[in-house]
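> Spelled out from the first residue to the last, the chains are:
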Amino acid sequence: MDVSSALGQLNLGSKPWLGRSASLERLSELLTGRPVREHWKYTPITRFVDAFVANCATIAPATLQLEDSDQGGVSVQSFNELAGDDLAAVRNALEGLDPARYPFAELAVLNDAPGYLIKVHGELADPISLNFTSPQQLVLLDVSDNAQVTLIERSGPSAYATSTLLRLGRGCRVTHARCALDAALEHLSLLDVIQAADSSYDLQQYLVGGDKRRAEVHLVLAEPGAHASVTGAYLTEQGRHLDQQLVVEHRAPNTRSRQTIHGIGLGTSKSVFNGRIHIHAGASGTDATLSNKNLALGSATEIDTKPELEIYTDDVKCAHGATVGQLDNEQIFYLQSRGMPEAQARALLCSAFVRTCVTGALAEQVTDRLTRGLR
Amino acid sequence: MSLLQIEELVVEVAGQRILNGLNLALDTGEVHAIMGPNGSGKSTLANVMAGRPGYEVVEGRIEFDGVELADLEPDTRAHAGLFLAFQYPVEIPGVSNMEFLKASLDNLHAARELEAVSTVEFMKSVRAIAEELDLNPEFLKRGVNEGFSGGEKKRNEILQLLLLQPRLAVLDETDSGLDIDALQVVAKGVNRFSGPDNGVLLITHYQRLLDHIVPDVVHVLAEGRIVRSGDKDLALDLEAKGYSWVVA
Ligand SMILES: Nc1ncnc2c1ncn2[C@@H]1O[C@H](COP(=O)(O)OP(=O)(O)OP(=O)(O)O)[C@@H](O)[C@H]1O
Ligand SMILES: [Mg+2]
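So the protein lines, in turn, are chains A and B. Heads up: the first sequence begins at 7 in this note's numbering, then just goes up one per residue. Heads up: the second sequence begins at 44 in this note's numbering, then just goes up one per residue.
Each hint should be verified, as a subset may be incorrect.
[What the hints assert, rightly or not] Dumping the calculated BS3-like pairs for lysine-lysine here, alpha-carbon to alpha-carbon at most 30 Å:
hint, chain 1, residue 1, chain 2, residue 2
1, A, Lys-299, B, Lys-196
2, B, Lys-196, B, Lys-275
3, B, Lys-275, B, Lys-145
4, A, Lys-218, A, Lys-312
5, B, Lys-184, A, Lys-299
6, A, Lys-299, B, Lys-145
7, A, Lys-312, A, Lys-323
8, A, Lys-218, A, Lys-299
9, B, Lys-184, B, Lys-196
[Unchecked claim] Over the 12 Å line for every Cβ pair with chain A, so calculated as not near, a few chain B residues:
hint, residue
10, Gln-48
11, Glu-55
12, Asn-63
13, Gly-64
14, Asp-114
15, Arg-170
16, Ile-172
17, Gly-193
18, Asp-222
19, Asp-224
20, Ser-237
21, Asn-241
22, Tyr-249
23, Gln-250
Think of the hints as simulated: they come from the structure by calculation, not from any bench. Yeah, the Cβ is synthetic: ideal placement off N, Cα and C, and Gly gets one too.
All chains, please: the whole structure from these sequences, using the hints.
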């Protein structure tokens, strides 16, 4: 099926809350255009369009599954109910997304994906759990100035295209644990975060490769003093595909980002890790690091990790490292010499490698899943 | 039958002949020392016994407890009761010492069909050994050998020796890099291990270790072979005169 006849089956209509309507021509032009092809080089997007339509046209939109949202300080509204400032906030957030990078956010919106605005005030005692169980879903989480919250996000086996947009107010502190641990599926996800002054954002992200999985993370340190940290681990098992695109933009002075992400590829799997740090003009005093280490354990395992730096300011600190290696034979021999069978020694070393990046609320679930995959 | 019987052993590493017709026999209840110049093949002998990949037995045999070792995996050799204290123990960040020691003990007990050790018992014995070796019990939480000083690494090897209770301990320069107190602590540990049912093969450069651990036999390894064997006085002679008088 070609892209425009696939799109023709979608329920594209006018979205009053968005203030615009879908144009089939515009969408198919977008999806087949050069900028999209560039961004989706390793995971050709046209493959997804058919599946997206098949997934989204048939399954009725589900409601948001949110635990602990009844505590004080949290409000949840469907996009369809919005008015005034809230509506403007959602429009703003969606219009700010680059359609060439994130065409599926656009598609999901126009295809009537269930969308929710979650607003958080004050210091929340309990974490908010967000479970993506329907094929497409959009969430905008608006965290007010000085609020504190832990967000736990899980993408289940029926998630197909999910977008999580976070807008962090001044001085707020957000911990975000996030995982997608089902392998036998196609999955597209977008996490888009914009941080105001002195806010602190701590992302813990755990993924396994899918039939095709594409995970986008876009962090913008928009105002001075904002601080982001990303800790992540991933496992791409035999025959799976994982394409990660991380962009961290430093747009203001004295902002800081730390990224440490470890990945393992098995068998004939393919993993792509594209980590871009973009330091804008005027963002002096920026301090940015990214470390991505990988183990390629099969003789035909493919791991492409590509550091990209764009720096337009002189007075910055920036360190960027990406490696792909194998297990250390000296370590394997040492463990074996103490009575550990080789397979167990390898599994232990692999889990040690990812464990250094597994932390927070999802640690136990993630450790279990990754250990199982490595046995 | 000897605990360890090595006959006419020829070993190549990276296509280079390192051991060349080595003979050695060690019985239970015995402590043997091996001395010899740098590069003479002492660590090669220890490694080939433990089964390090890349160390190829070209000729001859290594029999341990009546079993030919050459075709066994390193872990199977450990199950059979062989233990090598490494000259340069490797660091394994991310795997805690505790987890490593427990897994080692569990594997050995399972292979020897002994009853499993409970975590509580395990902790008790590890703590007791650590104390005996002057190792701060905090080290158990750290990665295996991670950031350990040279001396701490060597003491950690002896801790494993005392915990795992092998039949034959091969100690490759465990005394090198130790301060005077640590040397005594390590020697005490080895002496406590050594008994009528097991054997010790000590590789060392220094006669001073042999003041604390008295060997039954001292061998000189040179040019890939044992060129001379004698009692503990041989070590004193070597200390005084160097190797030139025994090495042709
Ligand atoms: N992987 C290797 N490739 C090539 N040569 C090797 C390798 N390993 C060891 N050798 C060589 O084998 C010889 C013996 O080395 P070995 O480490 O056994 O000596 P040693 O007697 O233990 O010395 P030392 O007293 O310095 O510890 C040396 O010449 C060494 O360079
Ligand atoms: Mg040596």
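> Check the non-interface label on Tyr-249/B: least C-beta distance to chain A beyond 12 Å or not.
holds (25 Å)
> Taken at face value, is the distance from the CA of Lys-145/B to the CA of Lys-299/A at most 30 Å?
holds (28 Å)
> Minimum Cβ separation between Gln-48/B and chain A greater than 12 Å?
Holds, because the least Cβ-Cβ distance between Gln-48/B and chain A comes to about 21 Å, which exceeds 12 Å.
> Is the hinted pair Lys-184/B and Lys-196/B satisfied, with a Cα-Cα distance of at most 30 Å?
holds (15 Å)
> Can we trust that Asp-224/B is non-interface, i.e. its beta-carbon lies farther than 12 Å from all of chain A?
Given a closest Cβ separation of 27 Å, the condition holds.
> Taking the closest pair, is the beta carbon of Ser-237/B still more than 12 Å from chain A?
holds (20 Å)
> Hey, is Asp-222/B genuinely clear of chain A, shortest beta carbon separation above 12 Å?
The claim stands: Asp-222/B keeps its Cβ more than 12 Å from every Cβ of chain A (closest is about 25 Å).
> Can we trust that Ile-172/B is non-interface, i.e. its beta-carbon lies farther than 12 Å from all of chain A?
holds (15 Å)
> Find the nearest Cβ of chain A to the Cβ of Asp-114/B and say whether that gap is larger than 12 Å.
Holds, since 15 Å exceeds 12 Å.
> Does Lys-299/A lie within 30 Å of Lys-184/B when you go C-alpha to C-alpha?
Roughly 24 Å between the alpha carbons, so the hint for Lys-184/B and Lys-299/A holds.
> Do the alpha carbons of Lys-312/A and Lys-323/A lie within 30 Å of each other, as the hint requires?
Given pair Lys-312/A, Lys-323/A holds - Cα atoms ~19 Å apart, limit 30 Å.
> Are Lys-196/B and Lys-275/B close enough, with their CA atoms no more than 30 Å apart?
holds (28 Å)
In terms of the numbered hints stated before, the structure departs from hint 3 and from no other.
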